[in-house]
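Number of protein chains: 2
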Amino acid sequence: MSTSQQHARRGPSRGTAARQASLREHNLSLVLGHVLDADGPVSRADLAAATGLTRATVSALVDLLVESRVLAEGDPVQTGSAGRPAVPLTPARGTLAGLGLEVNVDYLGVRAVDLAGDVLESVVVPGDHHASDPAVVLADLTAHAEAVVGRLEARGIDVIGAILALPGLVDPSADRLRLAPNLGWADVDLSALREVAPFDRLGLTVTNEANLAAVAEWRARSRHLQSFLYVSGEVGIGGALLHDNAVFGGVRGWSGELGHTTVEPDGPECACGARGCLEAYAGKDALMVAAGLDRLGPVADLRARADDGDTAALAALARAGWALGVALANFVNLTDVAHVVLGGVYGPLEPYLRAHVTAELDARVLTAPRSDLVVEPSVAGDEAAMTGGAVEVLRGLIANPSSRLPS
Amino acid sequence: MSTSQQHARRGPSRGTAARQASLREHNLSLVLGHVLDADGPVSRADLAAATGLTRATVSALVDLLVESRVLAEGDPVQTGSAGRPAVPLTPARGTLAGLGLEVNVDYLGVRAVDLAGDVLESVVVPGDHHASDPAVVLADLTAHAEAVVGRLEARGIDVIGAILALPGLVDPSADRLRLAPNLGWADVDLSALREVAPFDRLGLTVTNEANLAAVAEWRARSRHLQSFLYVSGEVGIGGALLHDNAVFGGVRGWSGELGHTTVEPDGPECACGARGCLEAYAGKDALMVAAGLDRLGPVADLRARADDGDTAALAALARAGWALGVALANFVNLTDVAHVVLGGVYGPLEPYLRAHVTAELDARVLTAPRSDLVVEPSVAGDEAAMTGGAVEVLRGLIANPSSRLPS
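Chains A and B are the protein sequences, given in the same order. Here the first sequence is numbered in the numbering used here, starting from 523 and rising by one per residue. Here the second sequence is numbered in the numbering used here, starting from 523 and rising by one per residue.
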């Protein structure tokens, strides 16, 4: 996600054709990255100033990207007293789509997003995937994906790739889900999924859901929040540390397992087998059950009970907020993150969690009296991991823009 | 600490003198970095192969670095059947020194290390700095530093810089120690320290002690362990995550406050004011007191009691190991680090801590059955932060080699 720090060389290259192609790819990447990450329309002159490329080079590259339906040109605008009117360039709307897919414990879904950030299709199917059969659930997901892709293609939209979010430890190198405790999945081989439609054509990458939700949050905040902790509150609780505009994955990409950090060493048993994990206090199942509600019901039921002043609901939220505060204080003490975003079910529940969370942060974070630690609800919307997967697919264009160019 | 990924351009530069100087600096940095980070002697031919520079360029740069006493030449060695014998190049021994200083709760000290890694001087003064006066302690430290520098200079050794390790939150931008709970120091202005000898000549950088100890550990392991958590067990307990050969500092450099993560939310009170912090179970003070020993005594006393089978000592170590295991499990779950190094007083105590630590890690780390999590004692030696400070001073040469060249 980090934008390139390199600057293109000015002037013509005297290398071979291969080197020229590589230089063009680099410059296309620079130009595309600037337009995709801009806060509004940019002109060719803006791009020349930002990239250090000549206006002629920028114009040629922009023409290619417009022709490839990656960028769109708006109506010319007279910006100064002299010179030609500037043509505003924006990411194209409704031309290319990235596909974000997700299997979580109580739903699965498929979402398509275009370069302008518009959601073109979104299918969310509630279900109970506790202790489920991966083959059955993934076949269901694949059928929904195939239907979504078919509808998009019928509208003339190119789907350029797909990313699947899973609530657990993903091992991309081994093409496996290592463990998703709440799904009851362990050592699931994901390679076969790439051999069935639509993934045989689109390709498929599998990633941890909290990491993708953090990407969606970063996008929803116009890329201005460069370091934050995203907390994905679902049946499981994931965390993703976005640091300097990139997800901090750790050695094998298994970082952020906030839900399995310990609140009380002798606390309630967790699905993972340990005692006192945060999930056992503040996961969606734990919250719903503690409030006397059906654990598979919508979190809106819990919010409604709390709004009505229901004692059990408020007590469940107070306990979850306290536990979340203890766990978040550990995270902040260890990583020095200054901004915490509460996502997933914590978005709608945040008003009832906040005071309990901040009380623990104030008491336990060593830097608390000295820093402005911000805790706030997510703005990325529901099923943020699906959105984040689609966004990541589209951002892949920045690294490899010529994949979309006419050959 | 990360070595440069850039490759120098081949052939002569046709730019201005300023650009040529900058290119020479870049190439010097490449060459010096390769020699300092090599596992053994390297030849000019090795350097040419490694950097992509011509042999003539490498030879000119090496000559400068030898003349400046940064590199040393050994006796020529005939490596093949043809060609001139290769001259082995190594970091110079006993010519330049970095100064590492430390104030900790029960000692202060000054250590000088040369480019070969040899300790040229080491002064460690036990003391009780609980609730101490920063002005008094820092004056004492300064006097020791001035004496050490004087002795080194009398031996013809150039001291090229100094770094001070403090057990707390350091704010380099504001030139302040924000907080060191066990020293009882808060908001200490450090700028005046730079105006007194020897720091008026040497300069002085202030850094968190665990971060510097991690650098010493990385150096002691010949830079082969690229990602690990260093645990600095002193009166306070610091942690430093070294990831991809660089310390992960967080947003403001205040990461790694392992000692103030929560083991039990209602546990014993900590010096920071919170309850149940790891330090209250496993800090040196807590350990000594729980074992019935003088908290200011040497940790060797505790080790001796444990070796004798003393019940109180073994119980204190078991409790500390359990608490450390709970806290480390949280760290591993959040950061996906695969290697934990136990430093400070945990080095000699490790045989009595290990089983208790690993029992909690096995039970609580989500990836535990799937990964080879290594826990082992530090090899960086005592007062590793002092060594790390000196090493960091010397590594500064890689970024700025011409500071040592004859002008």
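Treat the hints as calculated values from the structure; they're not laboratory data. Take these hints with a grain of salt, some might be off.
To give an idea of the interface, some chain A residues facing chain B are shown, with a C-beta separation under 7 Å as derived from the structure [as the list claims (entries may be wrong)]: (1) T783; (2) P790; (3) E791; (4) C794; (5) L856; (6) A860; (7) Y874; (8) H878; (9) N922.
Chain B residues, not near chain A, derived (Cβ > 10 Å throughout) [stated by the list, open to error]: (10) H548; (11) D559; (12) S749; (13) G761; (14) G775; (15) E779; (16) T783; (17) E786; (18) P787; (19) V848; (20) A851; (21) D858.
Simulated coverage check for chain A against chain B, where a stretch passes if three residues somewhere in it have a Cβ under 8 Å from a Cβ of chain B [unchecked claim]: (22) 689-701; (23) 773-781.
Beta carbons are placed, not taken as given, at the ideal position from N, Cα and C, and that holds for glycine.
Would you pick out the hints that fail for this structure and give their numbers low to high? 2, 3, 7, 8, 9, 12, 13, 14, 15, 16, 17, 18, 19, 20, 21
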